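Each chain, letter by letter, is given below.
2 protein chains.
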Amino acid sequence: MKAREQFRAGKNFKLRDESADDRPLRNGDNGESKSAIKQEERELTLQLTDRIAVLQEMLYARRQRKVLLVLQGMDTSGKDGTITALFNRINPMGLRAVGFKVPSPAELAHDFLWRIHYHVPVGGEIVIFNRSHYEDVLITVVQGLIDDKECKRRYQHILDFERMLVETGTIIVKVFLHISKEEQRERLQARLDDPEKQWKFDANDLVQRKKWNDYQQAYQRAIVATDTDHAPWYVIPANSKTHRNLLVSTLLLEIMEDLALSYPDPDPGLSKLKVE
Amino acid sequence: MKAREQFRAGKNFKLRDESADDRPLRNGDNGESKSAIKQEERELTLQLTDRIAVLQEMLYARRQRKVLLVLQGMDTSGKDGTITALFNRINPMGLRAVGFKVPSPAELAHDFLWRIHYHVPVGGEIVIFNRSHYEDVLITVVQGLIDDKECKRRYQHILDFERMLVETGTIIVKVFLHISKEEQRERLQARLDDPEKQWKFDANDLVQRKKWNDYQQAYQRAIVATDTDHAPWYVIPANSKTHRNLLVSTLLLEIMEDLALSYPDPDPGLSKLKVE
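First to last, the protein sequences are chains A and B. For the first sequence, the residue numbers in UniProt numbering are 1 to 276. For the second sequence, the residue numbers in UniProt numbering are 1 to 276.
Treat the hints as calculated values from the structure; they're not laboratory data. Certain hints may be false.
Remember, identical chains collapse to one label, so a pair may be satisfied in a single copy or spanning two.
With a Cα cut of at most 30 Å, we get these calculated DSSO-like pairs of lysine-lysine [what the hints assert, rightly or not]: (1) Lys241 to Lys274; (2) Lys272 to Lys211; (3) Lys34 to Lys241; (4) Lys210 to Lys152; (5) Lys101 to Lys11; (6) Lys181 to Lys211; (7) Lys181 to Lys272; (8) Lys2 to Lys38; (9) Lys34 to Lys14; (10) Lys272 to Lys241.
These figures come from a predicted structure and were not determined experimentally.
Model the full structure from these sequences, guided by the hints.
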């Protein structure tokens, strides 16, 4: 089965903690050690990203299609790690990562899509959003900053905005990196325990963690409301970092292969030219 | 000798074609094959970029200092290749590459520093400029779009702008990737001969190549005029791609080591905290 079918959220999607542990690309347990499995997953990911790098070059050479990969997930779910894995091989002049943090006053003074729109990909580019316009129907909902009516209005704004992007040449891939509550506990604890990681810890992460169930519910609602055939959501089990990278690379490669990309046709006149 | 002393342009700098072949980080010829040397340079570069990646994380953790690496060079001099080598290991959420092409009408309607200023690094970030504000004292001079008086005025605008950036926390590193005219001929010819590279070929490159000497002169003038202790120019022999990457990584690592970075001090209170 294709990854884009297997991991598509769809309209009946339910978020369940236990599924965050899944390693669907592994065919059962053949007795390998955990570190051997991880190493194998790392190597497979490099092979896939090498292949994505070639397709990205073709995309860039033609400058027509645009790819937008939206990454969402709870704190510590591995958005940065996923981005680093993709950048490992893909030419950074055609790949851009944009992080969206707490909006500035100037950003808040605009509609919530304003700062997002500015950063969408141009022809030939892959852009990865590290958080996105979806924060405006997640954290705002959990904190009670917007009511149900406003939330639904925003879903519609998102649907309209994404359809416009798709109709003007953008491929939209929305990925939810799904970790379990226990996995988040371990990752936050690791940040506290390691002096070289403590700077990553934000006391606000614990405040948000207390609202774990509210967030899961907000994610589930948002994903179901905005999963469309032209801008689908994929839910990626992400308790394993190496398997998560393998999965996201598999998905992105599959989507790029479907574009049937190629280099522009060479010009026979140019092929005969000699540079002096 | 430190790389920042060895490759510093300085006020008496002269561009000479033959020096583009230098491999100053190699200690003489010990009979290795060309491919063995390249492989060794690749591995050394990975070691250096791994170390830069750690320092970059410290820079990012503290969000105070900013690093701006300006890459300039003739067509095919390897600006993209250098950027790819750096992105190979450094976390892309703290490293950003910005390419400056032919200015848009909106950009042209502003002063030449306007579009540059927008993209300078924020605290904790390394930004690489693939071409820069220096194009406005290079191509414009060679094409006769500005006269000598305007060119000198722009040098001063650049000096003032860069001093302001340095005084507000930015480390500026300006690198000229120096290739020879013969090396450019080979690289352009390779683009014409290889059907998968032909899309990189731009007929305008041949037009510019005819003005090779004018460009070298414009570079030499611009580098001498804008080489300062706070925003120095480094001239990197770049006929060898692997040695070029090794050199730029060496230089960047040296500059980042001089910043004496460290992780923020851990908070003893946080270290005792247990996540629930």
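### Task
Could you tell me which of the hints above the structure violates, numbers in ascending order?
none
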